[in-house]
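Visitor: Sequence:
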Amino acid sequence: MSSFLVFDEMHLFDPELGLQATRLICERLHRLSIPYVVLSATLPDSVVDYWKNQLGAEIVEAGGEFVQRRVTVEWKEVPLSPDRVKQVLGQHNCILVVCNTVDRAVELYRQVSAYAQAQVVSLNRVGV
0 MSSFLVFDEM HLFDPELGLQ ATRLICERLH RLSIPYVVLS ATLPDSVVDY WKNQLGAEIV
60 EAGGEFVQRR VTVEWKEVPL SPDRVKQVLG QHNCILVVCN TVDRAVELYR QVSAYAQAQV
120 VSLNRVGV
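Quick note: the sequence shown, position 2, residue 1 per numbering that gives the first Met the number 0, numbers continuous.
Hints are computed from structural coordinates only; laboratory data are not their basis.
Computed list of lysine to aspartate or glutamate pairs in EDC-like fashion (alpha-carbon distance at most 20 Å, straight line):
#, residue 1, residue 2
1, Lys-85, Glu-73
2, Lys-51, Asp-7
3, Lys-51, Glu-26
4, Lys-75, Glu-106
5, Lys-85, Glu-106
6, Lys-51, Glu-8
7, Lys-75, Asp-102
With the hints as extra help, turn the sequences into a complete structure.
Guide: Put into structure tokens, the structure is as follows:
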């Protein structure tokens with residue numbers, strides 16, 4: 000009874016199963032006075048109105064809280080090496096690597112994860 004549930008990216012839930020299941024769960028949580036939050040970038044007004052009118056939800060809209068940042072995207076025609084990932088990770092505190100197969104992603108992760116974790120520990124020590 001002391002739980003706090005978070006339903007994130009609700010706009011991506013399957014309309015026939017995921018949204019219906021979430022609605023039913025939230026109705027029961029509301030009846031039991033268990034707190035929860037539903038997060039979404041975009042929801043139809045009818046869904047927002049339902050939560051507000053039927054479940055007494057407080058609607059909080061984000062506005063102006065977005066951070067401006069520079070993003071660099073590189074396209075590589077050749078497989079990305081673990082050494083190159085480590086090199087870029089050493090230059091930036093946040094990177095995204097996209098692989099075209101799960102096996103390749105898992106393999107690359109295993110090859111760079113220890114280094115990446117050490118970088119996080121190092122950044123935490125200097126307060127970044």
